[in-house]
Amino acid sequence: MSNKIIKAGFALFTLSSLLFASSSFARPNTFSCAAGNTISKTFSSGAAWDLCWEVRDEEGVVLSDIHYKAANSTRRKVIGEMSLSQIQTEYDDDSADQFLVTDFGLGGNSLQTLNTSMCEGGQLHEYAGRNVLCEVSSANGYIYRYRDNIRRQGSKLEILSASNINSREFIIRSTFLENGTIETGVGITGQFTKTTTDSNAGWPVTSQNKLSTSFTDHFFWRLDFDIGSSNSNDVVEQIKSVPSSDRLTKTKQTQTISSELAASFTPADKKFWRIKDQSETNNANQPVSYEMVLLNYAQQSKGNSSSPWLKNDVYITAYNACERFAVNNTASSCGSNVSEFVNSQNTNAKDIVVWYRMAHHTLPRDEDFSPVAVQWSNFILLPRDWTSINRL
Amino acid sequence: MNKLLIKIVLLFTLSLLGFSHANAAENCGDEFYVNEIFPNGARWDMCWEHKDREGIIFKSIYFTPKNGTRRMVLNQVAIAQIHVPYDDNGTRFHDLSDLGIGGLNMLELQSDECPDGSLIPFSGKNVLCKQTTKQDISFKSGTNTENGYYLSLFSVSPVGAYYYIPTWKFFDNGKIEPWMGATGALQRFGTDDSTGWLLADNRVGIAHLHNFFWKLDFDLNKTYLDDAVEEINFNLVNGKRERSIIPFSTEAARKVNPETMRHWRVRDKSAKNENGHSISYDVILSEMGHQDIGPASEPFTHNDFFVTTQNDNERFASHNTSGGTNLDEFVNGESIVDNDIVVWAGVTFYHMPRSEDSPHMDAHWSHLKIVPRDWNASNTLSDDVTNNAPTIATVANLNSQTSDSITLNIQASDSDGDSLIYNVSNLPTGLSINTSSGVISGVISTAGTYLVQITVSDGQQSASTQFNWVVSAASTGSSSGGGSLSIMLLFSLLGLILFNVFFRFKNND
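Protein sequence lines correspond, in order, to chains A and B. Heads up, the numbering used here is the position in the first sequence plus 296, with the first residue counted as 1. For the record, in the second sequence the residue sitting at position 144 is 128 according to the numbering used here, with numbers rising by one throughout.
Everything labelled a hint here was simulated from the structure, so no lab data went into it. In this text, a Cβ means the ideal position worked out from N, Cα and C, and glycines have one as well. One thing to keep in mind: the hints can contain errors.
Calculated pairs, PhoX-like style, for lysine-lysine (alpha carbon to alpha carbon, straight line, at most 25 angstroms) [as the list claims (entries may be wrong)]:
#, chain 1, residue 1, chain 2, residue 2
1, B, Lys239, A, Lys607
2, B, Lys256, A, Lys337
3, A, Lys598, B, Lys239
4, B, Lys153, A, Lys452
5, B, Lys239, B, Lys224
6, B, Lys224, A, Lys598
7, A, Lys452, B, Lys118
8, A, Lys506, B, Lys239
9, B, Lys35, B, Lys224
10, B, Lys256, B, Lys43
11, A, Lys536, B, Lys239
12, A, Lys598, A, Lys536
13, B, Lys224, A, Lys607
14, A, Lys452, B, Lys114
15, A, Lys506, B, Lys153
16, B, Lys153, B, Lys114
17, A, Lys506, B, Lys206
Which chain A residues face chain B? A few, computed with CB under 10 angstroms, are given here [said to hold, decoys possible]:
#, residue
18, Glu416
19, Arg447
20, Leu473
21, Thr485
22, Gln487
23, Thr489
24, Thr493
25, Ser540
26, Ile553
27, Ser554
28, Leu557
29, Phe568
30, Gln596
31, Gly599
Derived coverage of chain A by chain B (criterion: at least 3 residues anywhere in the stretch with Cβ under 8 angstroms from a Cβ of chain B; other residues may be distant) [what the hints assert, rightly or not]:
#, segment
32, 401 to 415
33, 454 to 467
34, 516 to 530
35, 558 to 567
36, 663 to 673
37, 680 to 687
Okay, chain B solo, but in the shape it has when bound (with noise of 0.2 angstroms):
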């Protein structure tokens, strides 16, 4: 209690603190900044701006791990394109640029929207609600687990039939997710079945694509200009996967692959976690089950994620006004190295409507995710309790022949989850066990009374247990099987101990 106390005092004397200096807003009057530090200390901080096209954005974004260093991960994010073809050409809405999910395209919340959340204004409407979400769980091994926290940003802004519910989602462990809600109602319907979906009214909703484009300014540590983009793939090679890393040199556009199960890294050219390992976040388009291949007046969906030096003028992933017009565009050799780098990244959801979307059409939702690799040197999450000794379960005697084929699964578990060292003494000769997973296997040679020992060791502390094997030697043409057959029934009888125990053996055939 006393303890618990303490924290609570030493917790809100250096919010204080924190407030009276560190937390105070540096790059934006204080009702543009967002300030949240989730209960179990880690942070985020960043600055809002509302714009006409792009609705809110976000600039100077900062995260400061539990008990860890404030970091700088973006200079700043934005929505860079809604792009709508429909199925039959009959329009094709470049929404972000054309119309704009900011100004009077955007919704006065109510709070009801925002449960538990609080509503932030501009120019006297609140049009951000600001939530802070217990997650179910985000990390788990044995009994050291915890249920974690995210920070959501959302506003809501009609276009057209459309609303769209931009969120950003910002995690205790670093994580970004952008998500892009759609709802409100169909926009167009026809008559042509082949074009959508036969609605019970008997109209035609019509199918269509929306194209979600974010643009994502990485400052990472703040330092503009020493961060480079690589493409990490990994390459089937005789039944291995070889791990390629290939940092791009100049402005690039490219496409995810599944077969090498491709994904893209930011990373700071000088800056180290405390392992020594370059700061870094991953970039993960998960949801490309829906792609858009478009004609070749947008060639702008022909790739997935792209790279660019950071243009004020580059905005929109399409129709863009001034400089170029489209990504495909921006991307004309410039050199990244020793640049501002900007990522983007378009994530596709195709919409064949359905008679549940009439007369409201529930938000359908996609997503990309921005993970930290080696931003930290650790979980920080995870606390570091006094260590639990691991335990082991009981082993019952045993009878083999040699020439038996032997796998053997030792259960050990430990509940602070850490990992776990396997040392046996006095196997049967012939067999062995894999230090790490605790399996024993191999084929028994030599008759003999062996009393087995096995230690598992959780780096601290160990815990054993022993057993005696018998090994009888195989009569003359009798198979592996039969020894698998006698210690089969061996086991029936003494199957309640072994409950904790697995036992394969292999019957060559």
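Bound-form chain A, shown alone (with noise of 0.2 angstroms):
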């Protein structure tokens, strides 16, 4: 495993990102979207979203420079850069792991090429000749519903693309809500091609009842939070809420986050994080802030190896250019998985990024043959005290 992997081939299209990397990397205070990369919804309460967008060879299609404007509120920046920085798959019968992003990548030719019936009464986005990015608008239900009639209905804009690696097929998908809510998350179809010879780790499936190889997806996912105007002045609070011995009360114990943090969930202390701005509030002097909404649990395993970038949910680390990747991550001169980016640098008030593992199980039916019936894994980034009150 020691093998260091050089990747050659692709050699113009490479050479070419290689130089867009180098200046997409760096991610700058004063940001600037490549032309006709930006995506930005005005919702008729005023309520806004704007972001760029633009597609890598590893990490497919990657979000950046998102602000939210709440309705008559100030817009502010909530992220400099989303992005899918792993997926790792382990099989059930122990064959050998797949690195998706990193082996073979969710852009160049895995990125696919979007018709209008998978965006409907949306907009496709041009990547290279091809339409690989829909960016669509609808209506979305209740935002609230309170009495003598009052109520409102919300709208939201979602960017969407997908890409196939070896027949499995990746949706990803992020939905802005005109209340500032973010839902992000991947959604697997596709081909299960894989099959095995071990009865255990397998589901029988069609009338040959070949065995489908059931598996783990450990998406690894990025998430450079620039809360407000600056980008190195943000603060991560861990916040739990811990049960009395009899457990009929809890106590909320708010911990300040100053070096770098690999976290675990404790669903039963309700723990949360929220990333919030050092010098910015809303009109009622409360810092502003998002929070990470992380429910998926059940099949949180920590993986089939003893691999430390499995052995915990979140990682709280700064911002470091060359930490890019949550696993196999090749730039010589970082860590090469999350678990060694955790290196007690200082994390207060600085330029932070969150990696959050979120991990799937599969175990495959005769519906998925075929295509695979979509599942998601999404997890929610929730605004905080971003604005003093309910601004719809």
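The task is to assemble the complex, starting from two chains supplied on their own in separate frames and drawing on the hints.
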């Protein structure tokens, strides 16, 4: 496993993407989006989102410079860059793990050409002469409902792309709600082509009873938060609500994460994290922040090997341009995986990157043949005190 | 055009026939019958009923796959509790059993609350919204893609300052998702910041849990005495995951287990699909990131999934009024073999208030998934169209040296999304191809010139490509890295042609 893997081929393509990469990786405070790559949406309430997108060979579609403007409030930056920084697939029969983002890439030829039926009512965006990104706005049901017929229906902006790797397909979707909520996730579909001889590591499918191998995907999201106008003064808080010994009451405990941290979920303590700006506040003087609502837990195993990057769920690091892939990070000046990125750097009022590992186990079924009915693994980023009241 | 017309006429005729026979409500009055046939032909039909406590419940729930057989999935589903303990222990509500979400606690919905849907009345009041929604993507494999549809049914019930939105989603592929939205306004405020969140108006919104429970009376294929409930774990043994299926023989209360990625399955013991596999549904608790493990007085919060025998007196997960008082007592050792089985599932949302929650609180949502497993023999929504041949990318001629370690990924695709099988002839000695992934790998052992032919087949049609692979003998002392380098140089000249090919060269160091 210590083999150094040199990836060649793609000569011209790689060369150009390297040039592109060198400018896009340093995430400057004055970020400038490539011409034609901005997406913006203003809802009827006046709430608005704007962001930039780009395509990389490895991560596929990467969203950056994401701003939210609450209705009747200030436009502020939320995220510098959001990418799917690795997909590790572990097969239940212990056949070789795959690291899809670095071994194959979600961009390049993996990135699928979308047709209008996959983007109904939306707008397709081109990259390298192909329609690869769907932008669509639609109604999203209730924002809230209250007494005296106080009620509001909301809308959302959705951005979607698809990548095909060895016949498996990954739909990558981010939804931006009118109330500031971001919901992001991966839907797996395509074909399950792997079979096994190990009867406990697969499920008999089709009339031939072939054993389709069951497996776990670990999706590693890289979230470079840049709350407010400065990208270098974000503060992460870890908040727990600890039950009393009789479990009748809970006491909130807030801890500022002052140096890099690898953390695991503790659902019984309701542990969660929020990223706040050190200086910018809402008009009631509360720090503006986003919290991570990470509800995916029932399949959040720590992997089949003792790989250190699978041992935790959330990693908080100081921004480092060469920390790009959660696993198989090849930049020589950086650690090779996210567990090594956590090396005691100060994270108090810094440029913060949060890495979130989301695990999803699949036991194939007859219904997946074929194609596989999409299975989503989503997480939510929720504004917390972004505004002093509900602006909708 | 003609074909389409015939199809439409046929569908129309079929639906007319259907309504006059099989589609008529057989288990309830027409006004309580929901019968949704999606544009692709899949169908859900069921009855609904109003109850003062549970609100709208659903009975006799049947799924008909596209071109498939109509079968009962569930005899009855209902919300079984909304338990809301506050962090300061100031109060611990049991909203459903104590207050109820039916009757006067059910809102009259306005048409703008049910966009593109239809409102269904109870006692002259529009209480239920029925909508059919087209999804983004139901599946995709190359160009074989479908959006898919789901039926959703919801009502809205205020309980105190909270407004609950129980929603049932029935998908055209047989999946069911019970959802619960909670909106309205925060109910309780205090002054102690350690029990909640200091809001902009200097009140502390007190943190609280919503423990939502559902009671699911499965009667797969309508035969109510031959369902089995199984727990499936994937145990880690020497780097492998060994699937272990444990059938329950008596009533049980169980927790999720991330390390074994546990889920549960309800299976009919006699009915099989066309592949000979038992028809079943998986119950997947996908949102367990918040959990309540409450005080000893609330043992029903100590587990997530429960199996009991069906008992009409067992209605509420807690504060149950006749029979046992809560789920923990319902699980009392009765045999579930050859008995009518009920599954209970709980999902928790922990609400730490935010300033945005005032004066009105945006809805937060919780759900679980009930997913068919081998209910159908295949993906019933995928059209079997005329087969398209696969395509294979050109591979440029290659130069290597003996003892080079090679990993070469042959790129092929199939617009129908078929599984592909790779075959190769005349590979340099020492190399082999993975017939399902198309990866050529190994260490070259013998010099020579090889005309390599690669063929990829989708089972019906195939495509092939060929190229020359010149293998020279490695000079003494030269490392395999040298071989890699020369190939890299060659590749940079052929970069455009190699667009479709990944090469990885392993350099042992």
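Indices of hints not satisfied (ascending): The structure breaks hints 2, 8, 9, 15, 17, 24, 26, 27, 28 and 34; every other hint is satisfied.
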